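Asker: Sequence:
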Amino acid sequence: MLKKQIGNKEIDVNEEGYLIEFKQWDREVSECIAGECNIVMTERHWEVIEYIQDKHHKEEPLSIRGIKKSGVINIKEFYALFPGGPLKKATMIAGIPKPKSCI
Numbered sequence: 001m002l003k004k005q006i007g008n009k010e011i012d013v014n015e016e017g018y019l020i021e022f023k024q025w026d027r028e029v030s031e032c033i034a035g036e037c038n039i040v041m042t043e044r045h046w047e048v049i050e051y052i053q054d055k056h057h058k059e060e061p062l063s064i065r066g067i068k069k070s071g072v073i074n075i076k077e078f079y080a081l082f083p084g085g086p087l088k089k090a091t092m093i094a095g096i097p098k099p100k101s102c103i
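Residues in the sequence shown are numbered consecutively from 1, following our numbering.
The reader is advised that the hints may include incorrect statements.
With a Cα cut of at most 30 Å, we get these calculated DSS-like pairs of lysine-lysine [to be verified]:
| no. | residue 1 | residue 2 |
| --- | --- | --- |
| 1 | 23 | 4 |
| 2 | 58 | 69 |
| 3 | 69 | 9 |
| 4 | 68 | 88 |
| 5 | 100 | 58 |
| 6 | 88 | 100 |
So the derived label-pair ranges between C-beta atoms look like this [what the hints assert, rightly or not]:
| no. | residue 1 | residue 2 | range |
| --- | --- | --- | --- |
| 7 | 101 | 17 | 11 to 21 Å |
| 8 | 8 | 71 | 33 to 43 Å |
| 9 | 8 | 69 | 25 to 35 Å |
| 10 | 75 | 41 | 12 to 22 Å |
| 11 | 12 | 77 | 24 to 34 Å |
| 12 | 16 | 59 | 19 to 29 Å |
| 13 | 76 | 3 | 29 to 39 Å |
| 14 | 74 | 3 | 29 to 39 Å |
| 15 | 69 | 10 | 13 to 23 Å |
| 16 | 74 | 54 | 14 to 24 Å |
| 17 | 37 | 3 | 25 to 35 Å |
The hints are simulated quantities; they were obtained by calculation from the structure and are not laboratory data.
Here the structure is a predicted model, which means the values were calculated and not measured.
Even for Gly, the Cβ is constructed at its ideal location relative to N, Cα and C.
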């Protein structure tokens, strides 16, 4: 476990940068992680993050295919919002563990 300073908070992350404890997540943490990924959060980003968090809290598996079928966002837009590994980046920003479907 590693410590990461975000604003006036110290959060616990794993070696890949994913939060260890969701209770440490908030929008400030999320925006900082997004900034490190060169992503500026918009309302559309937040809609996707909320959907992903909801799926995780319901213990439903997350995958690119599932995102595609969700009706929340199409794949082209998902890749545009979270370039360079959309599911990895979106889950990291959402403060949840990397999905098993991500290598």
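Asker: What hints, given by number in increasing order, does this structure fail?
Answerer: 3, 9, 15 and 17
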